Amino acid sequence: MEFINNHLLTTILLFPVLAAVFILFLPKDEVKVIRWVALIASLIPFALSIWLWLRFDSNLAGFQFSETYPWYEAIHSSFYVGVDGLSLTMVLLTTLLTPLALLASFSITDRVKAFMMLFLLLETGMLGVFLSLDLLIFFVFWEIGLVPMYFLINQWGSANRNYASLKFMIYTMAGSLGLLLAIQMIGVSFGTYNLPELFKLWPAATEIKNIPLGLPIETVKTVAFWAFVIAFAIKVPVWPFHTWLPDAHTEAPTAGSMILAGVLLKLGAYGFLRLVLPLYPEQAKYFASALAFLAVMAIIFGAFAAYGQTDFKRLVAYSSVNHMGFVLLGIAAAAKAMGTMDATIALNGAVLQMFNHGLSAAGMFFLVGVIYERTHTRNLEELGGLFPLMPVYGGILIFTSMASLGLPGLNGFISEFLVVRGSFPLLPVFTSIAMIGLLFTGAYILKGIKKVLHGPLNEKWVGHLTEINTREIIVMAPLMALILIIGVWPAWILDVINKAVTVLFK
Amino acid sequence: MQFPILSVIVFTPLVASLLILLIKPERKTEIRVAALAAALFALILSIWVYFTYDKVAGGYQFKEMYNWMPTLGIGYHVGVDGLSAPLVLLTGIVMVTGVLISWGIDDRPREFFSFLFILASGVFGVFVALDLFQLFFFYEIAVFPMYLLIAIWGWIKTREYAAMKLTLYLFIGSVVALVGALAMYWQSGNHTFDMLVLQQANFPVDFQRLWFPFVFLGFAVLGGIFPFHNWSPDGHVAAPTAVSMFHAGVLMKLGAFAALRVGIMLLPEGAKYWAPWIMGLALVNVVYGALIAMVQTDLKYVIGFSSVSHMGLVMLGFSTLKPEGMIGAGVQMFSHGVMTALFFAAVGMVYDRAHTREISKLGGMSKPLPWVALAFIVGGLVSMGMPGLSGFVAEFPIFMGVWKTNPWVAIIASLSIIITASYIMLVIRKTFFGEVPAELEGHINGISPLDKVALVFLSLIMISLGLFPSLMVPWVQSGVQNVLHLLGGA
Chain A
1 MEFINNHLLT TILLFPVLAA VFILFLPKDE VKVIRWVALI ASLIPFALSI WLWLRFDSNL
61 AGFQFSETYP WYEAIHSSFY VGVDGLSLTM VLLTTLLTPL ALLASFSITD RVKAFMMLFL
121 LLETGMLGVF LSLDLLIFFV FWEIGLVPMY FLINQWGSAN RNYASLKFMI YTMAGSLGLL
181 LAIQMIGVSF GTYNLPELFK LWPAATEIKN IPLGLPIETV KTVAFWAFVI AFAIKVPVWP
241 FHTWLPDAHT EAPTAGSMIL AGVLLKLGAY GFLRLVLPLY PEQAKYFASA LAFLAVMAII
301 FGAFAAYGQT DFKRLVAYSS VNHMGFVLLG IAAAAKAMGT MDATIALNGA VLQMFNHGLS
361 AAGMFFLVGV IYERTHTRNL EELGGLFPLM PVYGGILIFT SMASLGLPGL NGFISEFLVV
421 RGSFPLLPVF TSIAMIGLLF TGAYILKGIK KVLHGPLNEK WVGHLTEINT REIIVMAPLM
481 ALILIIGVWP AWILDVINKA VTVLFK
Chain B
507 MQFPILSVIV FTPLVASLLI LLIKPERKTE IRVAALAAAL FALILSIWVY FTYDKVAGGY
567 QFKEMYNWMP TLGIGYHVGV DGLSAPLVLL TGIVMVTGVL ISWGIDDRPR EFFSFLFILA
627 SGVFGVFVAL DLFQLFFFYE IAVFPMYLLI AIWGWIKTRE YAAMKLTLYL FIGSVVALVG
687 ALAMYWQSGN HTFDMLVLQQ ANFPVDFQRL WFPFVFLGFA VLGGIFPFHN WSPDGHVAAP
747 TAVSMFHAGV LMKLGAFAAL RVGIMLLPEG AKYWAPWIMG LALVNVVYGA LIAMVQTDLK
807 YVIGFSSVSH MGLVMLGFST LKPEGMIGAG VQMFSHGVMT ALFFAAVGMV YDRAHTREIS
867 KLGGMSKPLP WVALAFIVGG LVSMGMPGLS GFVAEFPIFM GVWKTNPWVA IIASLSIIIT
927 ASYIMLVIRK TFFGEVPAEL EGHINGISPL DKVALVFLSL IMISLGLFPS LMVPWVQSGV
987 QNVLHLLGGA
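As you go down the protein sequences, you meet chains A and B in turn. Everything in the first sequence is counted per my numbering, starting at 1 for the first residue and increasing by one. Everything in the second sequence is counted per my numbering, starting at 507 for the first residue and increasing by one.
Looking at chain A on its own, in the form it has when it is part of the complex (with noise of 0.2 angstroms):
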């Protein structure tokens, strides 16, 4: 026990992958256990990261139950990991999600083993995102997730998943090959990796030392910056470069979709979040309109794109485009005044959007697979008038679909509205615009519930559609009550990302 409480974030952080190595061990015929196994072993992390949680103290400035190992002594970079209220509620959010994945695909019979692995695997590469305060660690982990994430779609995708999921990771390896350069960059200049160091040099630096590169700083600085942005804005992702999403989406199991949705998309807001605007605090500044106007695109564009879908699942995945794009508009209009009240506002409602997406995109992928795995069909012309069939699934639907559309009481209103209201006074013009996509995401929504749920029944499903069984509520329950919760009573976890974003952006 005080070896845990010593090293809490290493325990969190690797067991899933010795857990990964334990199945390996296991006889492959053993589905069942296989799959309890990987489930207990990922419940672990997750009630360890409720205890973080309890132990974290918010009033704390700086990184908590920081660990320091040497790695790579050579270069100067250790594995340096530690928390803040930040990274706190994306551990949780990941923590909560993967059990919740896996549960999800007990429905799975293809080589459980191998996608139990994989699963945990993604799992610690994701959590050592959000934990890693060395740059050079952060980078590990961002390219370690992508393996796994490759193979889930690849190996237990549908029809087109080969196109997916090579496009998936040659978007994302290009899209880390700028950020790379960057990171070798800093590195070599500043001969350290440590983010918090880096934090007090790199924003003040006059000159790029060691490398012979006869460019002014400002536009080294400038061209860094970018470089960072569209490795995260591809992640995120943001429009233009969203075009992977929708297809690793739709081809990607059920439990990798929600996990996609639910966590590695964060992981580009996270990017912006934690190293962007530390890290270029006057250039974010200078493009803070360039950003809300990808933004805003992204908000729109997401908004009728998902409407035009005739496949349930894009619909969703374009859903997560609009969603994402309100977290990137809290971030431009926080970088645009840091250290205002509006921009505090605008953060805290860019962080907590985050969780909340994280909470209803798994959630609605989940439903999506719900359906997929009775009709096989994702073809919202084929599906309708579902509701007397499945009365509780119509239930369930309508409650996920509202947190999405941002209903007040539910949780999407609490983070879009903080978003809003603190754009507003730095960029009211990308604001206002924002709103009337806001007005759109209630359209494709109310599309979606319509076809599924409304409508002329499609004969051919009596008889064929059975209820949400019980598994699938279970997995559906944790997500609906922190929706529900948050909605009503956001305080708990407002808490802690404002004074995070309060001490991180002075």
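Simulated from the structure, these hints should not be mistaken for laboratory data. Since we're looking at a predicted model, the values are computed, not measured. Glycine included, every Cβ here is placed at the ideal spot set by N, Cα and C. Please note that the accuracy of each hint is not assured.
Calculated lysine-lysine pairs in the DSS-like style (CA-CA distance at most 30 angstroms, straight line) [to be verified]:
(1) K28(A) with K873(B)
(2) K867(B) with K167(A)
(3) K936(B) with K867(B)
(4) K113(A) with K958(B)
If you want the footprint, here are the derived chain B segments under chain A, 3+ residues with CB under 8 angstroms [to be verified]:
(5) 891-901
(6) 914-927
(7) 973-986
Facing chain A, from chain B, some residues (calculated, C-beta under 8 angstroms) [as the list claims (entries may be wrong)]:
(8) M771
(9) E775
(10) Y779
(11) L887
(12) F905
(13) M906
(14) K910
(15) M931
(16) R935
Please arrange chain B on chain A, whose structure you already have, making use of the hints.
Then chain B, alone, in the frame of chain A:
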């Protein structure tokens, strides 16, 4: 007198190869067991050398020195430093795994293992040589059996062409390098081939600038440097599996290592002068090699050209003459050696069963050969430079070194990462996933436990090195320190 461990390592394969020839050719199992025993013995000794090497003290250790031809100033002088210790270990690893996966060779295994071990002796000899003449001596010993191994046991379609091409390229390269070496011998006036003495000879700058290209390029031919890389993919493809493993895994390192040892360390001023040119060639290697690999349709050619690209990174690291770049290059030599050995082992296992290496004719191999698929994926990720594996540990510092020298080169070279990722992912998918082609259905047998041991062993090495760079970096660092000292830097 201490135990002459390096000499024992060098001569173990040679003695074993002679002993194996004494066994009757039809007693194939005994031959294989004897080969494995000798390889294991050499591996254990090289592990011992690696882990007892004192990296804090650095310098050359386990030294032995005897007179050989004193009238010519030729001695038998061996020792390892932080750069050669990992390569000695690598040779041991490739030797053992090469024997394991060649267990099934049924055509004259006695002669096969015998030649293979002569080759291994030559390789060990080069890595530990501290005498220039001795280095050349072992170098030729390593190259010569290659000809026979490819010409006799190689792929029937191209083996004669490839064996001839490879041998001619390498001999011409070594002759060119030898001219440079002789020039050093005369210039120094010390009447010695001892490299430790030559290092202190303080050759005139003009002399160094004149002869550096001869020595460096002569050896770099074996390292596959552009535009002299052409022999290498042909050789890889024609060679039988274990020989490909040796060829790409160890022999190409031999070229890079000798280019460093003789070129950069003996002619540091020449190295400084020519470094930008070497960097240019290496950059072509890195990017062009990756592009050529992308358009190959034969699995073995893909790996062959990817080796050209990866060895380019080694040269790129050397050409920076910066600590990071050199450390990266040193680790890359080891990492690439293990990685290509794994690649060629996996490809060989697929070929032995499917009898084709055309990527378009393969598919779904992960079902009958899950271990091979997994190993190939690990190798593929290493080759992409995926963090957490040894490739990243090697490539990242190389790029840091290049940043310090010429940022634009770093930016252009980084394109190879994307190119590599795309072709590796495509090859993995087309070969190992999807449907098994109808004509192969049911014809693919599983691999033997020995094959599995080899694959797992190689994979684990790359994973451990990727997670714990300190398993190798401090060694290389101490070796690099010495090189930098000769270059007049820190």
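Worksheet item: Can the hint on L887(B) be confirmed by a CB-to-CB distance to chain A that is less than 8 angstroms?
Response: Given a least distance of 6 angstroms, the restraint on L887(B) holds.
Worksheet item: How about M931(B): closest beta carbon in chain A under 8 angstroms, or not?
Response: Holds. Min distance 6 angstroms.
Item to complete: Establish whether the coverage given for the segment 973-986 of chain B by chain A is satisfied; the threshold is a Cβ-Cβ distance below 8 angstroms, and no fewer than three residues must meet it.
Response: That given contact holds, which follows from 5 residues of the segment 973-986 of chain B lying within Cβ reach (below 8 angstroms) of chain A.
Fill in: Status of the hint placing Y779(B) at chain A (closest C-beta pair under 8 angstroms)
At 17 angstroms from the nearest chain A Cβ, Y779(B) fails the 8 angstroms test, so the hint is violated.
Item to complete: For the pair supplied as a hint, K113(A) and K958(B), confirm whether the alpha-carbon distance does not exceed 30 angstroms.
Response: Given pair K113(A), K958(B) holds - Cα atoms ~19 angstroms apart, limit 30 angstroms.
Item to complete: May I ask you to test the interface hint for E775(B) with respect to chain A, counting a Cβ-Cβ separation under 8 angstroms as satisfied?
Response: Hint on E775(B): violated, closest Cβ of chain A at ~21 angstroms, above 8 angstroms.
Worksheet entry | Given pair status - K867(B), K936(B), alpha carbons within 30 angstroms | holds (9 angstroms)
Worksheet item: Would the stated hint for R935(B) survive a check requiring a Cβ distance to chain A of less than 8 angstroms?
Response: holds (6 angstroms)
Item to complete: Hold the hint about K910(B) up to the distance rule: shortest CB distance to chain A must be less than 8 angstroms.
Response: Holds, because the Cβ-Cβ distance from K910(B) to chain A comes to roughly 5 angstroms (cut-off 8 angstroms).
Worksheet entry | Status of the hint placing F905(B) at chain A (closest C-beta pair under 8 angstroms) | Interface hint status for F905(B): holds (5 angstroms vs cutoff 8 angstroms).
Item to complete: Would you settle whether the hint for M771(B) is holds or violated, based on the nearest Cβ-Cβ distance to chain A being less than 8 angstroms?
Response: violated (20 angstroms)
Practice prompt. Three residues minimum, CB to CB under 8 angstroms: does the segment 914-927 of chain B make the cut for coverage by chain A? Let me know.
Written response: holds (count 7)
Taken one by one, the earlier hints fail for this structure at numbers 8, 9 and 10, listed in ascending order.
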